Every structure is written in C-alpha cells, then in structure tokens.
Amino acid sequence: MNYRFNGKQATLALGVFPDVSLALARKRRDEARQLLADGVDPRVSKKAAPTEPTSATFQTIALEWHKGSIGHPSWKEITRIKILREMENHIFPFIGNKPIDSLKTSDLLPLLVRMSDQGIGATTGRVKTTLASVFRYAIQRGIVEYNPTHDLRGAIASPKIKHRPALPLERLPELISKIDSYTGRPLTKLAVLFSLHTFVRSSELRHARWGEINFETAMWTIPAQRKRIEGVKYSERGAKMGSIHYVPLSNEAIDVLEAIKKISGEYELIFPGDSNPYKPMSENTVNKSLRIMGYDTQADICLHGFRAMACSALTESGLWSRDAVERQMSHQERNEVRAAYVHLAQHMQERRRMMQWWSHYIISNCESYIAPYEISEKPLTMLKVVK
1 MNYRFNGKQA TLALGVFPDV SLALARKRRD EARQLLADGV DPRVSKKAAP TEPTSATFQT
61 IALEWHKGSI GHPSWKEITR IKILREMENH IFPFIGNKPI DSLKTSDLLP LLVRMSDQGI
121 GATTGRVKTT LASVFRYAIQ RGIVEYNPTH DLRGAIASPK IKHRPALPLE RLPELISKID
181 SYTGRPLTKL AVLFSLHTFV RSSELRHARW GEINFETAMW TIPAQRKRIE GVKYSERGAK
241 MGSIHYVPLS NEAIDVLEAI KKISGEYELI FPGDSNPYKP MSENTVNKSL RIMGYDTQAD
301 ICLHGFRAMA CSALTESGLW SRDAVERQMS HQERNEVRAA YVHLAQHMQE RRRMMQWWSH
361 YIISNCESYI APYEISEKPL TMLKVVK
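With the working numbering, letter number 168 in the sequence shown gets 168, and the count goes up by one each step, no holes.
Any given hint could be a false lead.
[Stated by the list, open to error] Each computed DSBU-like pair below joins lysine-lysine, with the alpha-carbon atoms no more than 30 Å apart: (1) K104 <-> K82; (2) K288 <-> K233; (3) K279 <-> K261; (4) K240 <-> K128; (5) K27 <-> K98; (6) K227 <-> K76; (7) K233 <-> K189; (8) K82 <-> K227; (9) K288 <-> K178; (10) K288 <-> K262; (11) K240 <-> K227; (12) K82 <-> K128; (13) K262 <-> K233; (14) K240 <-> K279; (15) K128 <-> K233; (16) K128 <-> K27; (17) K262 <-> K279; (18) K189 <-> K288; (19) K67 <-> K104; (20) K262 <-> K227; (21) K261 <-> K178; (22) K240 <-> K261; (23) K82 <-> K288; (24) K27 <-> K67; (25) K233 <-> K261; (26) K128 <-> K104; (27) K189 <-> K240; (28) K262 <-> K178; (29) K82 <-> K279; (30) K128 <-> K67; (31) K76 <-> K240; (32) K233 <-> K76; (33) K67 <-> K98; (34) K98 <-> K82; (35) K233 <-> K82; (36) K8 <-> K27.
[To be verified] Derived DEER-like restraints, expressed as beta-carbon distance ranges: (37) I370 <-> R228: 35 to 45 Å; (38) Q118 <-> E174: 29 to 39 Å; (39) M348 <-> S312: 20 to 30 Å; (40) G242 <-> L84: 17 to 27 Å.
Hint data in this document are derived by calculation from the structure and do not stem from the laboratory.
Note that this is a predicted model, so its numbers are computed, not measured.
Where is the CB? At the ideal position from N, CA and C, for every residue including glycine.
Please model the complete structure; the sequences and the hints are all you need to start from.
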C-alpha cells in the first residue's frame, strides 16, 4: 500500500497472497487509512503493535457455529456431542488457535491425512464435512472470503464401506435351527427371534417399550425420540432416521411378543436387562448369543445382518415395490425428489403384506432352503384381521 506521510512517499506491506487472505489485507489497509487520518504513520504503528491474532481463531468460530443453529441442520443431542468431541480430538489441537482467515488448504490436509493413516476413514469424512461447514459459516458471517476445503476434493480417498456380516439366504435354515436349539436366557432367544422377524436396528430393539405396541392393529410404532430412562445412556434414542418408524407385525411376530409379555409384561421395557429390569438389555446380548450359537459376529452374522438378509429376500422375491422395501428398512432416500414422495407415501398396506410374507418365508425355510422367488404372497385371508 502506497501512501504519503509528512510530505514523504512511503509503502506499507500488507502481506503476500495467498499467505495473507484478501479479507485480511483489506482489513489491514483500512486500519492503515484510519491511522493516517489520525496523524499516525502506519509503519511506526505496525512496529509498535503487539503480535496478536488479527482475526478470530478457528476454534472460536467453530464453537460459535456449533452452538448456534445457522449453517447446520437441527441436530439430535447425541450428534451435537459427537461433532464437538471430533473437533476437540482431531481439529482444535492442530489449527484451533490459528486465525481462521489465515488458514489455507495446505493447513487442513495434514490433519486429514493423519486421521486417514490411523484407519479412521469414516471419522475423517465427518471431520472434513465439519471443516467445510465451519468455513461456509465464516463466509456467511463475512469473516473469510474463501473456503479452503473446496480444494481438498480428491485428496483423501473415500473410506471403503464396511458392510455388516450377514449369512447368505441359503443358510437361513441353519440359523433358524440354531436359534430354536438355543438354551440360554429365554428372553434373549425371543429377542433374537423377534429381531429376525422385524429386522429393526439394535437401539430401536433394545430400548423398545410396551407402550409402542398396539396388539389390536398389529403395529409397532417407534417414535423419533423416546422418553429418557434415568441413568441409561442413549435411552432416548428412537427411530434412527429421526422420524416415526412403523413396523407392521406379522402373526408370527405377535406370537413372539405374546411369549415375551409373559416374561417382561409388567415392566416398561420389552427387553429389560437380566440384572436390572428397569434398564434395557445390553447392546452385546444378541450378538453374544449368536457367538454362543457358533457364529463369528465379525465375519458370519450379527444382529444388523438380519436387515441385509431380509432386504435381500424381499428384493429377490420380486413381489414388492422398491419404495415399500426402502420404507420398511427405514433407509434414507438420497434423491431429494424421491425423498419428498417417499416421505408422504407410507405404502402401509403393501408393507403389512410384505412383513407377513417375510415371516412366512422364515417359517418355510425351517427344514430346507427355499429361494425367495419360490414363495408367493400368502392370501390376505391368512392374515389377522386388522381394525
């Protein structure tokens, strides 16, 4: 910046781009002009000024973004806590105290590479998204003019999706036989069986309450959020996608529930813990029972694998629409146009028939394997009348 002071020509260095952002350079220029207006030589003032950050640090802006409601969707409390912990563990120790408008792509890449090298690919992806969101927020606030995360595209390989282990459908008869022969806690055996018939997620199952079951309409309504149980971590978790999830109950699922009711019907929880009936069954209970049955839950089958088996059978049968299957799986639709449609279309009648078909398919495979396309839809007269 060129200027005149006391009749002499002078130059003030504002910094070298891209080490100094345009926003910071403009800020320094405006400060220099103000000093000139006050009769102060900017170069002398610059030498005398203490070396302090000229703008807010990344951590300050990140916490402001995290605390507010601008720049991110409405979060569940568990999501808010997870994002804060990830920033505290993987971002703040490395760039937290740096002025946010001084950060470049080359400052961000090393911390992502470090995480990727640690084998935490999924967390790396979330941290990258968090960085992008914080800088986007800073741009909206007029704090920075450029989002350095844009040039990170392609720098870090996307983590390979690790699918939960699931048995091929050909081994369904074997699984049914092992469940039937299980000699452990009766409630655990019934939990495994109910999981197989309903293929819900672990937290949806473990925190289920009797008040969510309507025996007259044969419907399990999983709320978006449940009433918190004092002293039980994550007991407020409901349906994973953050909206009510409906699970039509087949005749067989109702029969299993009736058996469970004889054990835990006097309590609020459908699947209470063994030592304390006011706390839910451990998250490891079902998988532990599968290991007792002889399965490797890291390679053969785990509770979540029931979902993959059901989805595979429902799809291979050729009887059900994609929308009905996806709705029952409670999958998130990535296409925004389809998402708006699927959100409104419950496909409930089809889903009722579909869930009954799945239970019928399980029963049909008790002795030997039958392919999904070999089992036709059971006549509606075989279903319980739903009011």
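Hint check:
This hinted pair checks out: K104 and K82 have alpha carbons roughly 25 Å apart, not beyond 30 Å. Of the supplied pair hints, the one linking K288 and K233 holds, its CA atoms being roughly 20 Å apart against a limit of 30 Å. Between K279 and K261 the alpha-carbon distance is near 16 Å, which keeps this suggested pair within the 30 Å criterion. Taken as a hint, the K240 and K128 pair is honoured in the structure, with Cα atoms around 23 Å apart against an allowance of 30 Å.
Between K27 and K98 the CA atoms are separated by roughly 17 Å; this keeps the pair inside 30 Å, and the hint holds. For the hint pairing K227 with K76, the CA-to-CA distance comes to about 14 Å; that is within 30 Å, so the pair holds. Proposed proximity of K233 and K189 is supported: the alpha carbons are some 24 Å apart, at most 30 Å. Of the supplied pair hints, the one linking K82 and K227 holds, its CA atoms being roughly 21 Å apart against a limit of 30 Å.
Restraint check: the Cα-Cα separation between K288 and K178 comes to about 14 Å, which is no more than 30 Å; the hinted pair holds. Pair hint K288 plus K262 holds up; C-alpha atoms about 23 Å apart against a cutoff of 30 Å. For the suggested pair K240 and K227, the alpha carbons sit about 15 Å apart, so the restraint of at most 30 Å is met. Straight-line distance between C-alpha atoms of K82 and K128 comes to about 14 Å, which keeps the hinted pair within the 30 Å bound.
Restraint check: the Cα-Cα separation between K262 and K233 comes to about 27 Å, which is no more than 30 Å; the hinted pair holds. The straight-line distance between the Cα atoms of K240 and K279 is roughly 20 Å, inside the 30 Å bound, and the hint therefore holds. The suggested pairing of K128 with K233 holds, with an alpha-carbon distance near 28 Å, which does not exceed 30 Å. At most 30 Å may separate the alpha-carbon atoms for a hinted pair to count; K128 and K27 meet this at roughly 28 Å.
Note on K262 and K279: the hinted pairing holds, with a Cα-Cα distance of about 18 Å set against a maximum of 30 Å. Between K189 and K288 the alpha-carbon distance is near 11 Å, which keeps this suggested pair within the 30 Å criterion. Note on K67 and K104: the hinted pairing holds, with a Cα-Cα distance of about 24 Å set against a maximum of 30 Å. Between the alpha carbons of K262 and K227 the distance comes to roughly 24 Å, so the proposed pair stays at or under 30 Å and holds.
For the suggested pair K261 and K178, the alpha carbons sit about 23 Å apart, so the restraint of at most 30 Å is met. For the proposed pair K240 and K261, the alpha carbon gap of about 25 Å is at most 30 Å, so the pair holds. In summary, the hint linking K82 to K288 is supported, as the alpha carbons are separated by about 27 Å, within the 30 Å threshold. As the CA atoms of K27 and K67 are separated by approximately 27 Å, the hinted pair is consistent with the 30 Å bound.
The straight-line distance between the Cα atoms of K233 and K261 is roughly 24 Å, inside the 30 Å bound, and the hint therefore holds. A threshold of 30 Å between alpha carbons decides the hint, and for K128 with K104 the separation of about 14 Å falls inside it, so the pair holds. Distance check on the hinted pair: K189 and K240 sit about 24 Å apart at the alpha-carbon level, within 30 Å; holds. With a CA separation close to 23 Å, the supplied pair K262 and K178 stays within the 30 Å bound.
The suggested pairing of K82 with K279 holds, with an alpha-carbon distance near 23 Å, which does not exceed 30 Å. For the hint linking K128 to K67, the alpha-carbon distance of about 19 Å falls within 30 Å, and the restraint holds. Proximity of K76 to K240 is assessed by CA-CA distance (about 10 Å); at most 30 Å being required, the pair is judged to hold. A distance of roughly 14 Å separates the Cα atoms of K233 and K76; the hinted pair therefore holds under the 30 Å criterion.
The hinted pair formed by K67 and K98 meets the criterion: a straight-line CA distance of about 20 Å does not exceed 30 Å. Restraint check for K98 and K82: the C-alpha separation of about 23 Å stays at or below 30 Å, so the hint holds. Between K233 and K82, the direct Cα distance comes to roughly 14 Å. Compliance with the 30 Å bound is thereby established for this hinted pair. With a CA separation close to 24 Å, the supplied pair K8 and K27 stays within the 30 Å bound.
At about 44 Å, the beta-carbon gap between I370 and R228 stays in the expected band of 35 to 45 Å. Take Q118 and E174: their Cβ atoms lie about 38 Å apart, and the range 29 to 39 Å holds. Taking the beta carbon of each, M348 and S312 are about 23 Å apart, inside 20 to 30 Å as hinted. Distance hint check: the CB atoms of G242 and L84 are about 19 Å apart, consistent with the given range 17 to 27 Å.
Hint compliance for this structure: every hint is met.
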